[in-house]
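Asks: Taking the hints into account, I'd like the entire structure generated from these sequences.
Each chain, written out:
Protein chains: 2
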Amino acid sequence: MEARIDRVTLRERERERERERELEKEMQSLQEKASEWSGVDTGDAFAIDDDTNLFQKLGGLQTFINLSTNFYNRVYDDDEEWFRSIFDKSDKDKAIQNQYEFLVQRLGGPPLYSQRRGHPALIARHRPFHLTHKAAERWLHHMQQALDNTSHIDDDSKIMLINFFRHTAYFLLAGIEQKNQSLHPCKDAPGRHPCTNF
Amino acid sequence: MEARIDRVTLRERERERERERELEKEMQSLQEKASEWSGVDTGDAFAIDDDTNLFQKLGGLQTFINLSTNFYNRVYDDDEEWFRSIFDKSDKDKAIQNQYEFLVQRLGGPPLYSQRRGHPALIARHRPFHLTHKAAERWLHHMQQALDNTSHIDDDSKIMLINFFRHTAYFLLAGIEQKNQSLHPCKDAPGRHPCTNF
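Quick note, the sequences are listed as chains A and B, same order. Going by our numbering, the letters in the first sequence line up with residues 48 to 245, in that order. Going by our numbering, the letters in the second sequence line up with residues 48 to 245, in that order.
These aren't lab readings, by the way, just hints derived from the structure by calculation. A portion of the hints provided could be inaccurate.
Unchecked claim - Pairwise CB distance ranges, derived in the manner of DEER restraints:
{"id": "1", "chain 1": "B", "residue 1": "Glu65", "chain 2": "A", "residue 2": "Gly155", "range": "37 to 45 Å"}
{"id": "2", "chain 1": "B", "residue 1": "Ser132", "chain 2": "A", "residue 2": "Phe134", "range": "39 to 47 Å"}
{"id": "3", "chain 1": "A", "residue 1": "Lys141", "chain 2": "B", "residue 2": "Thr99", "range": "30 to 38 Å"}
{"id": "4", "chain 1": "B", "residue 1": "Arg64", "chain 2": "A", "residue 2": "Asn196", "range": "29 to 37 Å"}
{"id": "5", "chain 1": "B", "residue 1": "His180", "chain 2": "A", "residue 2": "Thr99", "range": "42 to 50 Å"}
{"id": "6", "chain 1": "B", "residue 1": "Pro158", "chain 2": "A", "residue 2": "Thr179", "range": "28 to 36 Å"}
{"id": "7", "chain 1": "B", "residue 1": "Ile206", "chain 2": "A", "residue 2": "Pro157", "range": "16 to 24 Å"}
{"id": "8", "chain 1": "A", "residue 1": "Asp124", "chain 2": "B", "residue 2": "Arg62", "range": "25 to 33 Å"}
{"id": "9", "chain 1": "B", "residue 1": "Pro157", "chain 2": "A", "residue 2": "Ala142", "range": "27 to 35 Å"}
{"id": "10", "chain 1": "A", "residue 1": "Thr179", "chain 2": "B", "residue 2": "Glu79", "range": "26 to 34 Å"}
Backbone N, C-alpha and C define an ideal beta-carbon position, used for all residues, glycine too.
Replies: Below you can see the structure in the form of structure tokens.
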């Protein structure tokens, strides 16, 4: 009996290891998937880091408050109910603040986001939202409009920013899709009731 | 029949919204949980951002290569098999590179990590690992040793760094625990076979 338990434990442990290895490979391919889906390669997506400090170049905090306010005004007023409803559980002012604080920090300004909320943990923090390719494109559409309607953002910076946003949107999508797939307990164990795994 | 389908759809949608609202609240409390579990408040955890550029202050890239090499030497040689085995599916050189590139970028150096791997997405990328409170403490123990045995790291910076690491370790733990709980499909639907949700 003991030997049997040992065998079961060993087999289960081996299966768990195998699953961990798979997960790690999947996580490593996130960036590739994001590039493929978004059509933006890594170099272009992170050109925001190559240039001079974008936070300063674009005029500092007020520009980013304006950009995020303009963006979320469009999102919360969207005619498309399916898109608007993705956000209707969130407070608009908080959404604006989360976004501009993240952008300020990411683009070379003061670390406002981490001081208030810790690590961005982008994939995990987007998990509550129902993201799809269609939603990513609608998000990017509004962001393009917001960029075009915010002062102090020159054309070169606009291109850099939209590349960064496009790549990031698909990075999130890839991360969330992977997670949902991998954590579906039935995936690797057809015929076994998944609840026995917990 | 149609009316019934509408009712079911509406109820399911409301249930999904409710779950999303819960998830969002949980994600918002991550930082608080990390502070409570780690004993490090947010101000102390992110004091790494207050000071002058820590990357430059500590001597640049080589210091961080040394720190991460020293750290992973300890991890991969750990006497405690349960801890060592958390890492045995990963390549040691890659683990070293991922860590020092992240630190260099996070502490004010060139964005090596994002140029190669995209956003850090800390919680999602740690998902393949089997993290526990005990493992977090063992990780921190090795990191403290590595900090103490790497040149060019002054005592003040050591304290700032270990506070950052301690808070981050528990932030990851909180994020991963939440995820596993919330994504257990049976959690909110006892009696319903979870596979019908997919």
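Asks: State for each hint whether it applies.
Replies: Hint by hint, here is what the structure shows:
Checked against the given bound of 37 to 45 Å, the beta carbons of Glu65(B) and Gly155(A), roughly 39 Å apart, stay inside it. Range check, Ser132(B) to Phe134(A): about 42 Å between beta-carbon atoms, so the 39 to 47 Å window is met. Checked against the given bound of 30 to 38 Å, the beta carbons of Lys141(A) and Thr99(B), roughly 32 Å apart, stay inside it. Range check, Arg64(B) to Asn196(A): Cβ separation about 31 Å, and the 29 to 37 Å hint holds.
A beta carbon spacing of about 43 Å between His180(B) and Thr99(A) agrees with the range 42 to 50 Å that was offered as a hint. Between Pro158(B) and Thr179(A) the Cβ separation comes to about 29 Å, which falls inside the hinted range of 28 to 36 Å. A C-beta distance of roughly 22 Å is found between Ile206(B) and Pro157(A), which places it inside the suggested range of 16 to 24 Å. Under the hint 25 to 33 Å, the C-beta atoms of Asp124(A) and Arg62(B), about 27 Å apart, fit the expected range.
One distance hint, 27 to 35 Å for the beta-carbon pair Pro157(B) and Ala142(A), holds here, with the actual separation near 31 Å. Judged by the Cβ atoms, the range 26 to 34 Å given for Thr179(A) and Glu79(B) holds: they are separated by roughly 31 Å.
Checked against the numbered hints given earlier, this structure breaks none of them.
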